[in-house]
Amino acid sequence: MEFGPHLMLASLEGAVIASVLVLTSMGLSIVFGVMRVVNVAHGEFYMLGAVLAWYVTSLLGGHPAVGFVAALVAAPLLVGAIAASADRVILKHLKYDPDRTIVATIGLLYIIQQTTLMTFGPDARPVAPPFNHRLALPWFEFGDSGFAMYWPWGLSTTSYKLFVIAAAAVVLIALWLLITRTKIGLIMRATQQDSETAQAFGIPVGRVYSMVFGLGAALAALGAVLVVPIQQAHYLMGADPLLLSFIVVIIGGLGSLPGTVVAALLIGMSDGIISVFFSPTLAKIIATFLVAMVLVWRPQGLFGRSVP
Amino acid sequence: MLEVKNIHAAYGDAITLHGVSFDVQPSEILCLLGRNGAGKTTTLKTVMGILPVTSGSVTLEGEEMSSLPPHEIPRRGIGYIPQGRRLFPELTVNQNIEIGLMTRGMGKDTKEWVLELFPRLRERLKQTAGTLSGGEQQMLATARALCLRPKVLLLDEPTEGLQPSMIALIRDVILKMKNEGFAIVLVEQKVDAVLQVADRVVFIENGRSVDRATAADLKRDPQMLTQYLGV
Ligand SMILES: Nc1ncnc2c1ncn2[C@@H]1O[C@H](COP(=O)(O)OP(=O)(O)OP(=O)(O)O)[C@@H](O)[C@H]1O
Ligand SMILES: [Mg+2]
Chain L
1 MEFGPHLMLA
11 SLEGAVIASV
21 LVLTSMGLSI
31 VFGVMRVVNV
41 AHGEFYMLGA
51 VLAWYVTSLL
61 GGHPAVGFVA
71 ALVAAPLLVG
81 AIAASADRVI
91 LKHLKYDPDR
101 TIVATIGLLY
111 IIQQTTLMTF
121 GPDARPVAPP
131 FNHRLALPWF
141 EFGDSGFAMY
151 WPWGLSTTSY
161 KLFVIAAAAV
171 VLIALWLLIT
181 RTKIGLIMRA
191 TQQDSETAQA
201 FGIPVGRVYS
211 MVFGLGAALA
221 ALGAVLVVPI
231 QQAHYLMGAD
241 PLLLSFIVVI
251 IGGLGSLPGT
261 VVAALLIGMS
271 DGIISVFFSP
281 TLAKIIATFL
291 VAMVLVWRPQ
301 GLFGRSVP
Chain W
1 MLEVKNIHAA
11 YGDAITLHGV
21 SFDVQPSEIL
31 CLLGRNGAGK
41 TTTLKTVMGI
51 LPVTSGSVTL
61 EGEEMSSLPP
71 HEIPRRGIGY
81 IPQGRRLFPE
91 LTVNQNIEIG
101 LMTRGMGKDT
111 KEWVLELFPR
121 LRERLKQTAG
131 TLSGGEQQML
141 ATARALCLRP
151 KVLLLDEPTE
161 GLQPSMIALI
171 RDVILKMKNE
181 GFAIVLVEQK
191 VDAVLQVADR
201 VVFIENGRSV
211 DRATAADLKR
221 DPQMLTQYLG
231 V
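Residue numbers (the working numbering), protein chains in the order written: chain L, 1 to 308; chain W, 1 to 231.
Simulated from the structure, these hints should not be mistaken for laboratory data. Among the hints, erroneous ones may be present.
Cβ-to-Cβ under 10 Å is the rule here; a few derived chain W residues that face chain L [claimed, not checked]:
1. Lys45
2. Pro69
3. His71
4. Glu72
5. Leu87
6. Thr103
7. Leu148
Derived lysine-lysine pairs resembling DSS-like cross-links, with alpha carbons at most 25 Å apart [said to hold, decoys possible]:
8. W:Lys176 / W:Lys108
9. L:Lys183 / L:Lys92
10. W:Lys190 / W:Lys176
11. L:Lys183 / W:Lys219
12. W:Lys219 / W:Lys190
13. L:Lys284 / L:Lys161
14. W:Lys190 / L:Lys183
15. W:Lys176 / W:Lys219
16. W:Lys111 / L:Lys183
C-beta atoms are modelled at their ideal positions from N, C-alpha and C, and glycine is treated no differently.
Kindly generate the complete structure, drawing on both the sequences and the hints.
What follows is the structure, encoded as structure tokens:
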């Protein structure tokens, strides 16, 4: 394949990775932004979403779309509820102390991972995509004979991958509207900016925290449900998304939601492109290098405000 | 109306209040006076439930506040204007007011009422609270608390860092609220200003309420002021 079509193919792969990463990172970023909790178990909520998606589809049978739609609704709700309970049972009692919540979420990571292993076993589980048409893509060129359109061999994607990109965009817009346009969003932002004063104005801060922790986990689970028809569900699959989400949140600026979106697109796209042209390992190396650069030159992240 | 009886409270293990008592009635201004670090802010925070009451009681119209979940206390009708304003800095003026209205489910008429008290805020509804001037921030903090249509208003050093004209404006609003029947607890450093508006004064020292007097008595005999404040 020539360079142009090859780059387009790689960019499409990158866009799919970026779409899932945006959701996962937003979950991590919202939790940190509102609660100041670094949730080390975030990747396990993603993994749990994927495994539950497999479980739900395997229960339902029938056309793959039926199971998939059920998983798309059930997995984030279940994972969100589990996370909200973990907040009530564990984090609340640590009074959201930054150090102790890190240790506690490391514990939570292993509890979720091992429970999943014991319940569902170590096998990787495939989920059938709800639809999966192969779409050949055209390429345009100005050659000797003028403008020409042709269909390069191998330049194609699937309808499902395009759906993942569209779905992530829709969720992102919905999330944006929730935060900026609704009463719940206003309450979340007030709590984020000054929880003590928020409480003095009747905001039940504890319940807001549970909801936010649940929302963050549900976003990770949603990303996982979208990914699972492309990549099999497995009890160890939470490590990569955790690492990448951390990289994104550091580059974007802790707690900055626009920064998180931009950084997720940047990291996701470059991960996809570099993986296609070179290797996935190089992609991770470059992302990690980028984090190091950001930490050295702009520790508050690209979009974060500097700490005075 | 609001009755605080022998409350004790601590920041973690550090016991900070060792017995503070006072009460305030409708259409009355009660002032808490004391040196820096005496525990005035801590007293108000404890009434608001930000710090738990370890012993003693806080009752509003006979209902015990200290056993309620903290966010229910403002909903019972206690409006709080914290020291240093404590606005939600990245929310707009309008959104800060909305938060106040939400507390007790107040509506448009209440918003109109506070914006009439502070017309400057009406011109700046879309401005981010953190970018307001100090005086405007104090107006917003006051407006936000009034949005509860509270029975009791707690004000912690509302004139801190303000120029005289702004202090006069805040004082006028406080007096207006008194005449509307609010019970007001005022923490203030400026003794002259206190004596102008207060009905009664309670002195706080080392986390205890140690003495009390009417403002009229203090004007006649300022001995207590010398004793507890060194003025
Ligand atoms: N968050 C906190 N943690 C621990 N101790 C605190 C905290 N806030 C206040 N204190 C301590 O409690 C005591 C009372 O403080 P408080 O703020 O109530 O004083 P204050 O009377 O309001 O003083 P000021 O006039 O300076 O505002 C002080 O010794 C202070 O150091
Ligand atoms: Mg104080």
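Hints and how they fare:
1. Lys45: At about 8 Å, which falls below the 10 Å cut-off, the nearest Cβ of chain L leaves the hint on Lys45 of chain W intact, so it holds.
2. Pro69: Constraint on Pro69 of chain W satisfied, holds at 7 Å.
3. His71: 5 Å, holds
4. Glu72: Holds, because the Cβ-Cβ distance from Glu72 of chain W to chain L comes to roughly 8 Å (cut-off 10 Å).
5. Leu87: 8 Å, holds
6. Thr103: 4 Å, holds
7. Leu148: Hint holds; Leu148 of chain W Cβ to chain L Cβ min 8 Å, cut 10 Å.
8. W:Lys176 / W:Lys108: 21 Å, holds
9. L:Lys183 / L:Lys92: 24 Å, holds
10. W:Lys190 / W:Lys176: 20 Å, holds
11. L:Lys183 / W:Lys219: 49 Å, violated
12. W:Lys219 / W:Lys190: Distance of about 14 Å is within 25 Å: holds.
13. L:Lys284 / L:Lys161: The hint holds at about 22 Å.
14. W:Lys190 / L:Lys183: 39 Å, violated
15. W:Lys176 / W:Lys219: 22 Å, holds
16. W:Lys111 / L:Lys183: 17 Å, holds
Checked against the numbered hints listed earlier, the structure breaks hints 11, 14; every other hint is satisfied.
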